[in-house]
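Protein sequence lines, in the order shown, are assigned to chains A and B. Once you know that position 250 of the first sequence is 238 in our numbering, the rest is easy, because the numbers rise by one and skip nothing. Just remember that our numbering sits 37 ahead of the position in the second sequence, which is counted from 1.
Don't take every hint at face value.
Distance windows between CB atoms, simulated [what the hints assert, rightly or not]:
id : chain 1 : residue 1 : chain 2 : residue 2 : range
1  : B       : Leu40     : A       : Val434    : 22 to 32 Å
2  : A       : Ala(-10)  : B       : Gln251    : 47 to 57 Å
3  : A       : Phe390    : B       : Val392    : 55 to 65 Å
4  : A       : Ala160    : B       : Ala462    : 44 to 54 Å
5  : A       : Val189    : B       : Arg465    : 51 to 61 Å
6  : A       : Gly442    : B       : Phe455    : 54 to 64 Å
7  : A       : Ala160    : B       : Gly264    : 33 to 43 Å
8  : A       : Arg428    : B       : Thr110    : 20 to 30 Å
9  : A       : Val434    : B       : Ser75     : 53 to 63 Å
10 : A       : Pro386    : B       : Arg465    : 49 to 59 Å
11 : B       : Pro112    : A       : Gly442    : 16 to 26 Å
One side only, chain A facing chain B, incomplete, derived with CB under 10 Å [what the hints assert, rightly or not]:
id : residue
12 : Glu37
13 : Asp63
14 : Ala305
Keep in mind the hints are simulated off the structure, nothing from the lab. Think of the CB as a built atom: it goes at the ideal place given N, C-alpha and C, for glycine as much as any other residue.
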Amino acid sequence: MAELSLPLMSLAILAPWVAAIAVLRGENPDARRVTAMLGSGISLLAALEILREVFLAGEVSLAEPFVPPGWLVVDSLSALPMALFSAVAFGSLTALPRRELRPTVVSAALLLQGATLAAHASANLLGFATAWILSVLAFSWRQDSADDESASLWRGGTLLPASCVCLAIGVAWIAWSADLHHAPAPYVFEELARSGAPGGVWAFGFLVLAALLRKGVFPFHSWVAPAFERGPLMLVVLFINGHLGVYLVARVAIPAFPQISQESLGIVSGLAMLTAIYAAVLALAEVHPRRLLALLAISQASFILAGLSAGTAEGAAGALAYWLVVTVATSSLAAILSAVESRVGLPITGDRFLGLGQRFPRLAVFFVVCGLALVGMPGTLGFCADELLLHGALQSHPQIGFALPLATALNAYHLFRLFCKLFLGDPGVVLEGVPDARPRERWVLVCGLLLLIGGGLFPNQVVSLQERAATTIAAVSQVAGFLPHPH
Amino acid sequence: MDLAQLTTPQLLLLLTVALPGAAFLGLAIAWLLGWTGSERVISRVTGLTYVATTLSAFTLFARMLGQSEPSVTVPLGPWFEVPTYSFPLTLFVDPLSMPLVLATSVLIGLVGTFAQRYLHREKGFLRFFLLLHLFGFGSVLVFSAGSYDLIICGWELVGITSVMLIAFFQDRRRPVENAIRVFAIYRSADAGLLIGVFLLHHAAGSAMFSELFQGPWPGQALTGLDGASATAIGLLFLFAGAGKAAQVPFSGWLPRAMEGPTPSSAIFYGAISVHAGAYLLLRSEPILRASSVAAWAVIAIGAVTAIVGGLSGRAAADVKTALAQASLAQLGLIFVEIGLGLTWLALLHISGHMVIRTLQFLRAPSVLRDYHRIHAVAEGRIASDELYYEAMLPAGLRAWLYRLASDRGHLDTILDRFFIGPLLALARLLADLERRRVSPFETPRPSARLAPVLGDPNGRAEGGHHG
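Could you put the whole structure together from the sequences, leaning on the hints where they help?
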C-alpha cells in the first residue's frame, strides 16, 4: 500500500492533544488561545497536506508511515472530512469569545478534534470505536462552569454513552460471529468492504443504532437541544459537526453489510426524513436561539443520512455537499451567536426583538448569509447540495423530494425569525462602544462565507473534490443493489 | 462557456442578466471591506447599471423584432455536474419573457432614480440599493431562465429581498413582524414550486423549457407529461404562483408588505414581484392546457381574488393599502385570463399593470398634495357626488360586505384558524411531550436572566411566537 510522505495523520491527531494538555496549565486566556490555535493549526495544516496527497494519489488509499499496517489509512472518503473538521475546529477556537476561553472547554475542544480525526483516520473497527468513545469522553468531560446546573443533560444524558455501548456491542458481535466460524475477526475496513462482515442483522443493527444515537436522529434527538442550550456552544457544535454517525454508516454499515443495507437502510432514510420534518415542526414552538439552532442543525443534517442511503452518485455527492454546508453554516451561526451573547453579557432567550443589527451590521450579514446557505438559498453551496440530493433521490427515494422542500421551507422560516429576533426590531440593549465583528471573528466568518458563496457560484470545484468519495459510496450502494433503475 | 463564441443577441442577454448581479456583488464586497457607502457613488453605480441594462435589453428586443428572431437561448454550460447529472445553466427569452425583462430593467432604473431622493440621508440607503440590485438580478433571472430549475434561483432571491425590504425600517417592531409573516407565506408557497419541479423531473425527466415545450410561445405542445402529472404539477405551480402574486388564500400578506419604503412597494408589489407568479403560470401554459382541473383552479382563484381585492380596496383606509388591494384585483383578473387561455391578453395586461401601478405607488406619498393642487386648479369645484354602487344594496348586506372588506375577506383569519393554528398546536403538543421526556433532568430555563439588561423587570415574553 502507498504511504503518505510524512506521518501526517499522527501529527494531525497528536498536535491538538498536546495542546490540550498545555492549555490546562496556562493561566492567561490569550496565551491559552494562542496555544490552542497553534495545536489546532498544525493539525489543520497536516490535514490539508493529507488531502493534497490523497488527491494526487488518485484511487489508492494512503497508509501512515512508521505505523503498523491496518491502523491508520486515509482515502478520498476520509481526507475531506478530516480537513473540513480541522478547519472548523481551528476557526471555532480562533473566533471563540474571550470569556468562553475556559481551560476545560478549550482543552475538551482540542481533545475532540484529535479524537474525531483519529476516527476518520482509523483503518479498522477497533481504532474507530476507540476514537468514537474518546470523542464522547472529551465532549462529556466535566466543565468548570459555575452555572452548569444540569451537566448530565447537556452532555447527552444517557444517549451518548448508549451510542458507545451499541458500537462496542456491534464490534463484539462481529468478533463473536467470526469466532463461531473459527475465522479471524475482520476488523480492517478494507477487508470488511471486500468480503463483508459476519454478525448479520444484529451486528448491523447495533452499528446503525450507534450512528442514530450519536447523530440525534428521531427518536434519539432529545439530547441535542438541551446540549445546545446548556453546554459550551462551540464544543457542542464541534461535536455535532464531527458527523461520525454518518461516517460509520458510509464507512462500515453499507460496505460491510451490503445485503442487509439494501433491505434496511430505507428505514434509516425514512427516520432521517422524519427527523427533518419533526425537528422543523417542533421548532415552531421554540423561541430560544440556542434551541432553535439545535433543531435547525438536527433537521438539516438529517438529509446527509438520507442522501447517503439514496444509493446514487448524485445523492452521495449531495450528501457530502450537505455535510460541508451543515458543518460550515452551523459552526458559523454558533460562532455569531456566541459573539452576540458575549457582547450582550447574558444568555439570550429569544423572548423579544433585540435590534442588534444596527450595532453589529456585519455580524447580522454573516448570520443571514450563513443561515440562508444552510437552508439552500440559490447562490450558495446549500442550493447545489439540495439540487444534487433531490436528483439523487429521484428514482430510489422520491419521498425525499417532498420532505426536503417542506423541511427547508419551515427551517428557512425559523432561521429568518431567529435573525429578526436577534438583529432587527427596536434596540432594547444599550451597547455603547461594543465592537461589531472583531478582526479574528471577521476573518473566520469571511472564510466560511467564501466557502458557502464561492462554493455556490462555482460548485464544480467543491463537487469535484468530493466526486471520488461520492462515486465510492454510490458504487458500494449499487453493489448492494439499492438502485432500482441505475443511471 | 466561451464568450467569444456567443452571438450579439446572446451577449446582450447575458449582459442584461449579469449587470444587476455585478452591481450587487461590487457594492457588497466594498461594504464588507469597510466602505461606508457614499450616496453619490451608490446613485451613480445604480444609474449606470440600469442605463446599461435597459440599453442592452432594448437592443436585444429591437433585434428580436427586426430580425424576426422568435427566441434567444444562451447555453452557459453546466453550473455543476456529477457523472450522471448536470444542472444546465441556460438563459432564454422569447415573446413572453422579453417584454417583461425590458419592463423590469426600465422600472427598476426608474425606481432607483426615485429612491435616490426619497431615501436621501436615510440610514439604510446602502442596504436599500444592495437589495434592489439583488432583486433586479433575481427578477431578470426569473424572466430569462431557460428551465424551471433556474426559475427557482431567481424566485427565491426575489422572495428574500422582498422580505428584507419589508423590514427595512428595522427599528420598528411592526415591519419586522410583518416581514416574518410574509416570509412564512413565501416559503410555504415556494415549497409548492420546489415539489412541482421535482415532480416534473420525476415524470418528464427534465425541467428545461426546450425539452418540455415544443414550438413557439404561445400554443406550445407539451411533451413527456401525462394528464395526472400535468394536473399535480399545474396545481403545485398554481400554489406557488398564488403565494407570490398574493392570490386567495394568501392575499393577506400584500397589505402587510406595505410597511416597506414606497419605492420598494412600487417595484415589488406594483410592478415585478407580484407578476412573477402570473409569469410562472403563463410559462406553464402548456401544462395548464393539458389539465382542465388546474386551468379551472386558476380561473376560480383569480376570480375570487378579484372580488375580494375589489371589495377590500373600497374599504381601505390608506392609499398604499388601497393600491395593494387594487393590484390584487387586477392580478386576479390576469389569473382568470391565464386560466381561460387568453395568453396575449394576460401578457398585455401584466405589462400595462406593471407600469401604471408603479406610477401610482410612486405618487402615493404625494396624493394629498396632488389632490389639493387639482382642487385649486379646478377652483374648488371637485366634490364627491356621494354616489356609490354599494348604496343600491340592502343595508344588512352592505354592513356584511363592509365587515368582509375591512377584514380583507377574513383570509388571514381563515389561514390562522385552519392552518397556522393547528400547526402551532401540534408543535406545542410535541414540545410539551419533549419536555416531559427530558423532565427528570430539566431545570427551569434561565429566561428571566436577560430581563434586567433589556429593561423588562418581569422578564415577560413580549414577542412570543409569531405564526
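Hint check results:
no.	hint	result
1	Leu40(B) x Val434(A): 22 to 32 Å	holds, 29 Å
2	Ala(-10)(A) x Gln251(B): 47 to 57 Å	holds, 54 Å
3	Phe390(A) x Val392(B): 55 to 65 Å	violated, 40 Å
4	Ala160(A) x Ala462(B): 44 to 54 Å	holds, 46 Å
5	Val189(A) x Arg465(B): 51 to 61 Å	violated, 39 Å
6	Gly442(A) x Phe455(B): 54 to 64 Å	violated, 44 Å
7	Ala160(A) x Gly264(B): 33 to 43 Å	violated, 57 Å
8	Arg428(A) x Thr110(B): 20 to 30 Å	violated, 48 Å
9	Val434(A) x Ser75(B): 53 to 63 Å	violated, 23 Å
10	Pro386(A) x Arg465(B): 49 to 59 Å	violated, 31 Å
11	Pro112(B) x Gly442(A): 16 to 26 Å	holds, 23 Å
12	Glu37	violated, 27 Å
13	Asp63	violated, 19 Å
14	Ala305	holds, 5 Å
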